[in-house]
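Sequences are here, hints too, so could you generate the full structure?
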Amino acid sequence: GVTVTASNLQLYRDDSKDLFGNSFTNTDTDSVEIIATAQASGTSYANTDYGLVTFSSKGSRAFSGWSNLAYSTITITDQSLINKTGYTKMAAISGRDLNNNAPTGDNNLWFQKTSDANPPVLTVTYLLGSASASFLLNFV
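Position 13 of the sequence shown, counting from 1, maps to 13 under my numbering, and the rest follow consecutively.
It is worth saying that the hints were derived from the structure and are not from the lab.
Hints should not be assumed to be uniformly reliable.
[What the hints assert, rightly or not] List time: in silico DMTMM-like cross-link candidates among lysine to aspartate or glutamate, alpha-carbon distance up to 20 Å: (1) K113 with D15; (2) K84 with D14; (3) K113 with D49; (4) K89 with D78; (5) K89 with D49.
[Unchecked claim] Restraint ranges, calculated between C-beta atoms of paired labels, are given here: (6) L128 with N100: 39 to 45 Å; (7) D116 with T54: 37 to 43 Å; (8) A131 with G105: 46 to 52 Å; (9) G51 with S80: 17 to 23 Å; (10) G86 with G65: 15 to 21 Å; (11) G51 with T123: 26 to 32 Å; (12) A6 with N100: 17 to 23 Å; (13) S130 with S16: 24 to 30 Å; (14) G129 with T104: 49 to 55 Å; (15) T77 with L52: 16 to 22 Å; (16) T77 with A102: 33 to 39 Å; (17) L52 with T114: 28 to 34 Å.
Cβ coordinates follow ideal geometry from the N, Cα and C atoms, glycine included.
Below, the structure is given as structure tokens:
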């Protein structure tokens with residue numbers, strides 16, 4: 001069988017993607033949290049998908065750890081998030097959302113999506129029997 005031994009998610013911060021024309025602001029200390037989702041489709045999203053998340057962090061990175069126009073890496077801390085036979089479904093949310101706390105200031109980060117020049121990258125390291133390998137996954 002296959003055993004996932006490590007995984008990392010890389011997201012490319014791009015403040016120009018802000019749909020509201022805001023510049024990056026971070027007057028609140030917060031983090032980006034990776035959580036599991038259970039949306040029906042692995043290739044599209046619906047408004048009802050928001051209720052299909054688990055509010056348990058599978059990896060995080062402080063807002064202060066991001067640079068504009070650069071990839072930053074979030075180490076996945078729970079390898080059961082990685083689906084070995086189908087779509088790996090995850091979402092990025094604010095640590096304030098995760099902990100059900102109201103923001104104390106402004107928080108925003110914008111990331112490039114799959115159709116942009118710097119799409120999200122998921123790197124998975126796994127064991128197949130006694131052999132080890134890594135592979136990259138594309139996002140939809």
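Quickly compare the C-alpha distance for K113 and D15 to 20 Å and report which way the hint goes.
-> 13 Å, holds
Straight-line Cα separation of K84 and D14 no greater than 20 Å?
-> Status violated; Cα separation ~30 Å.
Just tell me: holds or violated, for the beta carbon distance of G129 and T104 against 49 to 55 Å?
-> Holds - the Cβ-Cβ distance for G129 and T104, about 50 Å, lies within 49 to 55 Å.
Taking the beta carbons of T77 and L52, is their distance inside 16 to 22 Å?
-> Holds, at about 21 Å.
Per the hint of 28 to 34 Å, is the separation of the Cβ atoms of L52 and T114 within bounds?
-> 20 Å, violated
Is the hinted range of 15 to 21 Å satisfied by the C-beta distance from G86 to G65?
-> Violated: the Cβ-Cβ distance is about 31 Å, outside 15 to 21 Å.
Please work out if K89 and D49 have their alpha carbons no farther apart than 20 Å.
-> 11 Å, holds
Outcome of range test on Cβ distance (T77, A102; 33 to 39 Å) = 26 Å, violated
G51 versus S80 beta-carbon gap, inside 17 to 23 Å or not | Distance hint for G51, S80 holds at roughly 21 Å.
Does the hinted range 46 to 52 Å hold for A131 and G105 at CB?
-> This hint holds: roughly 49 Å between Cβ atoms.
Given hint D49 paired with K113 - CA-CA distance at most 20 Å = OK: K113 and D49 at ~18 Å, within 20 Å.
Decide if the proposed pair is consistent with the structure: K89 and D78, CA atoms, cutoff 20 Å inclusive.
-> Since the Cα atoms of K89 and D78 sit roughly 13 Å apart, the hinted pair holds (cutoff 20 Å).
In terms of the numbered hints stated before, the structure departs from hints 2, 7, 10, 12, 13, 16, 17, listed from lowest to highest.
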